[in-house]
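Student: The opening residue of the sequence shown carries number 175 in the working numbering; numbering runs sequentially from there.
Since the hints were derived computationally from the structure, they do not count as laboratory data.
Take these hints with a grain of salt, some might be off.
Stated by the list, open to error - Derived DMTMM-like pairs: lysine to aspartate or glutamate, alpha-carbon spacing no greater than 20 Å straight-line:
no., residue 1, residue 2
1, Lys233, Asp198
2, Lys219, Glu209
3, Lys219, Glu239
4, Lys219, Asp198
5, Lys233, Glu209
6, Lys233, Glu213
7, Lys219, Glu229
8, Lys233, Asp245
9, Lys219, Asp255
10, Lys233, Glu210
Claimed, not checked - Beta-carbon label-pair distances, calculated as ranges:
no., residue 1, residue 2, range
11, Ile269, Arg230, 15 to 25 Å
12, Gly266, Glu229, 29 to 39 Å
13, Gly266, Ser243, 29 to 39 Å
14, His268, Glu229, 26 to 36 Å
Glycine residues also receive a C-beta, built at the ideal position from the N, C-alpha and C atoms.
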Amino acid sequence: MRVKMGTVVPKMGTFVHLVEEPTDYRTALAMALHEELGETHRAIKMAMRWTGASERTVKYWFAGERGPSGDHLIALARHSDAVLYVVLALAGRHIVDEADG
Numbered sequence: 175m176r177v178k179m180g181t182v183v184p185k186m187g188t189f190v191h192l193v194e195e196p197t198d199y200r201t202a203l204a205m206a207l208h209e210e211l212g213e214t215h216r217a218i219k220m221a222m223r224w225t226g227a228s229e230r231t232v233k234y235w236f237a238g239e240r241g242p243s244g245d246h247l248i249a250l251a252r253h254s255d256a257v258l259y260v261v262l263a264l265a266g267r268h269i270v271d272e273a274d275g
């Protein structure tokens, strides 16, 4: 779904947490961004500040149409634990807390 002129068509319904972790990079990052920042325009502005990316680019990330790469991904992981955990999970590198084991 393409969005014209910076407007966003709101999705109807409720956000459902999936039982399985998504294996698609774009979907997983979009879920992490929504989990960390929420669903408001303020969330988009925050991600823009974190990365220096344009509003259009960040909206694509939140929609799951595209995923951040390179410097933007590192900047997101620097500021967002959810993004960092998703990247590590997609790489098969799960964090284990030493206090648990």
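Student: Return the numbers of the hints above that this structure violates; sort them in rising order.
Tutor: Violated hints: 4, 11, 13; rest satisfied.
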